[in-house]
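Undergrad: So you can see what is in the structure, the chains are spelled out below.
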Amino acid sequence: AQTVTQSQPEMSVQEAETVTLSCTYDTSESDYYLFWYKQPPSRQMILVIRQEAYKQQNATENRFSVNFQKAAKSFSLKISDSQLGDAAMYFCAYRVPSGTYKYIFGTGTRLKVLA
Amino acid sequence: DTGVSQDPRHKITKRGQNVTFRCDPISEHNRLYWYRQTLGQGPEFLTYFQNEAQLEKSRLLSDRFSAERPKGSFSTLEIQRTEQGDSAMYLCASSLRLAGTGELFFGEGSRLTVL
Chain A
1 AQTVTQSQPE MSVQEAETVT LSCTYDTSES DYYLFWYKQP PSRQMILVIR QEAYKQQNAT
61 ENRFSVNFQK AAKSFSLKIS DSQLGDAAMY FCAYRVPSGT YKYIFGTGTR LKVLA
Chain B
1 DTGVSQDPRH KITKRGQNVT FRCDPISEHN RLYWYRQTLG QGPEFLTYFQ NEAQLEKSRL
61 LSDRFSAERP KGSFSTLEIQ RTEQGDSAMY LCASSLRLAG TGELFFGEGS RLTVL
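Chains A and B, in that order, are what the protein sequence lines are.
Using my numbering, you'd call the opening residue of the first sequence number 1 and step up by one each time.
Using my numbering, you'd call the opening residue of the second sequence number 1 and step up by one each time.
Among the hints, a few may not be true.
As the list claims (entries may be wrong) - Calculated cross-link-like contacts (lysine-lysine; reagent style DSBU-like; alpha-carbon spacing at most 30 Å):
1. A:112 to B:11
2. A:78 to A:55
3. B:57 to A:73
4. A:70 to A:55
5. B:71 to B:57
6. A:112 to A:78
If you're looking for bench data, these hints aren't it; they were derived computationally from the structure.
Please model the complete structure; the sequences and the hints are all you need to start from.
TA: So this is what it looks like as structure tokens:
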């Protein structure tokens, strides 16, 4: 069964600094998608970044980038130049590559940004 | 507003009562998902619709839970004879049937409190 593990329940970062959130997953599939979603307090979840497993190049979106290590089944999120608005719960997710295409989420990491 | 909308946003009920949540997905999205999120946990998959067909149900979805998506548009999630363990945030999400991207768009959720 596919699983997603986020081992850091909470992280703190100073404003303008860089922080890395960890995620590992387990799957026997070779082609799949991975995602990071952000859930601000009392707000809806929004997509931060996605990575296709068949692509070796790590995805980047402005201040957000990932370190995708397929063999290690590791998918970390790096946030550069952290801003107060980055404070939120961050969820790593694996998308089942066929059928329902449902997402399997980790337990989340709460990111605090200190002014 | 063309996002996913959920109603009601908050529901407080007494144990044993029935509750119903509604989700209106983005209009052109034919895939609709229900997730449940409890405090400190990531979203857990409940059920999936493709158009009006319910194609997968999680084992988390006991006989007291029923979901429908008549005509492939809005969806309802009903919980009968609520229990305190049903207290959670119920999230609805939708996506297009595109094998490549499959980004999930989430609503703000319906928070259920069972007294």
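Undergrad: The structure should be examined with respect to each hint, and the outcome stated for every one.
TA: Here is what the structure says about each hint:
Restraint check for residue 112 of chain A and residue 11 of chain B: satisfied, since their Cα atoms lie roughly 29 Å apart, inside the 30 Å limit. Only pairs whose Cα atoms come within 30 Å are accepted, and residue 78 of chain A paired with residue 55 of chain A is accepted, the gap being roughly 18 Å. For a cut-off of 30 Å, the pair hint linking residue 57 of chain B to residue 73 of chain A stands: about 27 Å separates their Cα positions. Annotation: proposed proximity of residue 70 of chain A to residue 55 of chain A holds, straight-line Cα distance about 10 Å (limit 30 Å).
For the proposed pair residue 71 of chain B and residue 57 of chain B, the alpha carbon gap of about 19 Å is at most 30 Å, so the pair holds. For the suggested pair residue 112 of chain A and residue 78 of chain A, the alpha carbons sit about 14 Å apart, so the restraint of at most 30 Å is met.
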